[in-house]
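Colleague: Respectively, the protein sequence lines represent chains B and P.
For the first sequence, position 210 matches number 210 in UniProt numbering, and the numbering has no gaps at all.
For the second sequence, position 240 matches number 240 in UniProt numbering, and the numbering has no gaps at all.
No wet-lab data here; the hints were simulated from the structure.
Please note that the accuracy of each hint is not assured.
Said to hold, decoys possible - Computed, partial: chain P to chain B, Cβ under 10 Å:
(1) K42
(2) L46
(3) F82
(4) N287
(5) N290
(6) E325
Claimed, not checked - Derived pair list, reagent style EDC-like, types lysine to aspartate or glutamate, alpha-carbon separation capped at 20 Å:
(7) P:K50 <-> P:E346
(8) B:K289 <-> P:D119
(9) P:K50 <-> B:D311
(10) B:K50 <-> P:D192
(11) P:K159 <-> P:E170
(12) B:K289 <-> B:D371
(13) P:K50 <-> B:D47
(14) P:K159 <-> P:E110
(15) P:K289 <-> P:D311
(16) B:K159 <-> B:E198
(17) B:K50 <-> P:D47
(18) B:K289 <-> B:E373
(19) P:K289 <-> B:E124
(20) B:K50 <-> B:D12
Beta carbons are placed, not taken as given, at the ideal position from N, Cα and C, and that holds for glycine.
Protein chains: 2
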Amino acid sequence: MAEFGFALHATDGGARRGTVTTGRGAIATPAFMPVGTAGTVKGLYLDQVKDAGADIILGNTYHLMLRPGAERIDRLGGLHRFIGWDRPILTDSGGFQVMSLSALRQMSEEGVTFKSHVDGAIHEMSPERSIEIQGLLGSDIQMQLDECVALPADADTMKAAMELSLRWAERCRVAFGDQPGKAMFGIVQGGDDESLREQSARALTAMDLKGYSIGGLAVGEPQEVMLAMLDVVCPILPAEKPRYLMGVGTPQDLLRSVARGVDMFDCVMPTRSGRHGLAFTRRGRVNLKNARHAEDHRPLDDQMACPASRDYSRAYLHHLIRSGEMLGMMLLSWHNTFYYQWLMREMRSAIEQGRFAAFAAETEAVWEQGDIEAL
Amino acid sequence: MAEFGFALHATDGGARRGTVTTGRGAIATPAFMPVGTAGTVKGLYLDQVKDAGADIILGNTYHLMLRPGAERIDRLGGLHRFIGWDRPILTDSGGFQVMSLSALRQMSEEGVTFKSHVDGAIHEMSPERSIEIQGLLGSDIQMQLDECVALPADADTMKAAMELSLRWAERCRVAFGDQPGKAMFGIVQGGDDESLREQSARALTAMDLKGYSIGGLAVGEPQEVMLAMLDVVCPILPAEKPRYLMGVGTPQDLLRSVARGVDMFDCVMPTRSGRHGLAFTRRGRVNLKNARHAEDHRPLDDQMACPASRDYSRAYLHHLIRSGEMLGMMLLSWHNTFYYQWLMREMRSAIEQGRFAAFAAETEAVWEQGDIEAL
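With the hints as constraints, model all of the structure from the sequences given.
Modeller: Given below as structure tokens:
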């Protein structure tokens with residue numbers, strides 16, 4: 001089995017072109033990971049996700065531990081077999097969703113106790129239990145349990161969460177041990193405070209983990225704050241390890257974060273927006289609910305090699321979304337997933353060719369011009 | 001362009017093996033038509049419907065006239081082009097859904113006035129307008145406007161509705177005129193009254209229409225009542241014209257109705273049941289919500305040449321349905337649609353080989369035995 005590793009093939013300004021190797025296959029970076037929340041990338045067949053070009057998807061530990069349960073997935077042969085995906089899977093630690101979805105949370109040094117939003121059952125999650133669950137799922141890239149605070153937050157709260165996350169990183173490192181072909185990433189915290197972010201990045205780097213996530217961003221702060229944190233954190237993180245910006249984001253977020261040295265991303269945006277009628281295209285955002293599409297026979301983008309983008313009229317998509325039909329959600333989730341993967345391919349190619357800055361400027365300019373003229 | 005027609009290739013007891021020819025292609029009968037209510041067979045790509053073996057799908061005039069509107073579909077090139085389906089489409093008249101879905105209906109000899117359930121707008125539907133709308137949609141097989149009463153109903157109500165439907169059949173016949181490659185079917189009404197059904201069938205037969213529907217069944221009556229009506233009606237209807245039993249039904253309904261000489265069916269059951277976790281299989285009904293499937297790694301039916309039936313475990317389907325995930329609805333709708341088409345193919349083959357009665361008995365016996373043993 002291949003060892004877990006990261007190879008850096010090219011850099012272009014801050015942007016990096018690399019390959020993450022895992023025991024289950026390689027991931028070309030910069031990479032966007034479609035989110036398979038509860039064991040399914042919502043509204044898509046996994047063949048569509050694969051054909052779109054995704055090397056890796058993400059599974060949510062919180063959702064899966066509650067339903068169907070980590071031990072059950074283990075008995076069924078692990079998450080890959082359960083859902084029918086043979087490429088790498090990254091799992092989060094469950095911590096973020098414990099904070100955002102569950103009721104009656106109690107945090108302590110030991111871990112967090114919470115009530116399931118599904119059935120009200122009480123669960124305990126410690127750093128060790130999070131790693132155990134991710135192991136039961138069979139995750140290839142696992143995350144430390146961390147504490148993530150919503151922004152804005154006061155300085156003491158951000159500092160305490162960052163420091164607790166560091167102690168939990170060490171416990172997760174020990175719990176994870178040495179697993180061939182797999183990795184456990186530490187998560188940089190520190191809110192929107194540059195000094196806290198710097199401390200966190202330095203302390204995690206000293207732990208010599210296999211990769212580093214940047215968490216606690218895209219939680220309500222303006223984009224420039226997020227980018228400022230990347231400007232602090234990325235130069236500290238070791239060049240020879242992959243960097244994963246969690247839960248981000250819009251196509252513009254991806255472009256600007258890759259420019260600052262981020263290698264991996266995940267976000268529900270392509271599928272969630274798709275379900276609500278919003279398409280991301282080479283020409284920016286297109287809201288299919290808008291009446292301008294009602295009699296537009298043209299596809300979303302006839303230059304995209306995706307049936308959802310190319311073979312269905314805007315008029316039909318408009319009708320499906322207005323009517324609340326599943327097919328509308330399926331098609332736009334598919335298109336968006338394809339577009340995100342297309343954008344990552346284009347970025348990878350631009351970095352390889354040393355023209356990332358020009359590509360980024362051109363891409364943003366075309367988004368700015370907006371959608372094709374209404375008929 | 002091929003003329004509309006019906007060729008009877010074989011009979012076996014009451015069961016008939018035939019081909020309906022339309023200007024847009026042929027339909028092997030007995031045929032089950034997946035329902036594309038609002039321009040989409042819910043939860044399916046039309047390629048999946050086609051690959052399952054459907055020669056024809058159904059569109060609902062009521063839904064489409066309200067949204068996106070018949071004139072709009074016409075401007076967009078017709079329903080086939082709008083939804084991306086190049087095989088025949090049958091449309092109902094809109095009458096049934098006016099009765100079941102709209103508020104503030106007012107019936108008169110002229111037609112029916114009703115309020116849209118979508119936006120509250122007032123619409124008028126006459127026999128002539130129904131045919132006009134179906135023409136705007138580009139429907140290959142159109143239905144007369146009829147009045148359908150819920151059962152049980154009193155004798156006067158059933159008689160009046162049957163007689164009004166006959167007068168409307170004549171108006172629709174005139175309005176439809178002569179359209180090459182297309183057909184307008186009359187609809188036998190009469191509730192659960194044998195004498196009314198007989199009168200209706202005889203009067204419609206005398207109009208020499210291109211095909212005959214049997215309506216007003218599967219509206220709450222027991223299956224034996226429906227079958228008794230078929231026993232009255234089918235022998236009266238001309239052998240050289242296709243017979244379509246509207247809105248029916250379960251796999252058993254199909255089997256028993258084919259035995260009595262029905263050629264065409266439509267029903268939302270495969271997709272609606274699929275969305276609610278119910279699968280129809282060679283071994284009868286399987287409720288995927290049931291806890292017995294929670295750790296069952298076996299597929300629904302590994303002998304079915306459909307990925308949804310063969311390549312996904314019951315445990316995963318159970319999880320998806322319990323979690324309300326779109327993919328669960330998509331997979332079970334796909335499986336059910338495939339199973340229905342498979343069942344029709346098997347019936348056609350059995351009729352060709354003169355073994356329909358044995359096939360029907362065997363099929364019912366296997367349903368009766370039930371699902372594979374729980375693990």
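Colleague: For each hint given before, does the structure comply? Return the numbers of the non-compliant ones in rising order.
Modeller: Violated hints (numbers, rising): 4, 5, 10, 19 and 20; every other hint is consistent with the structure.
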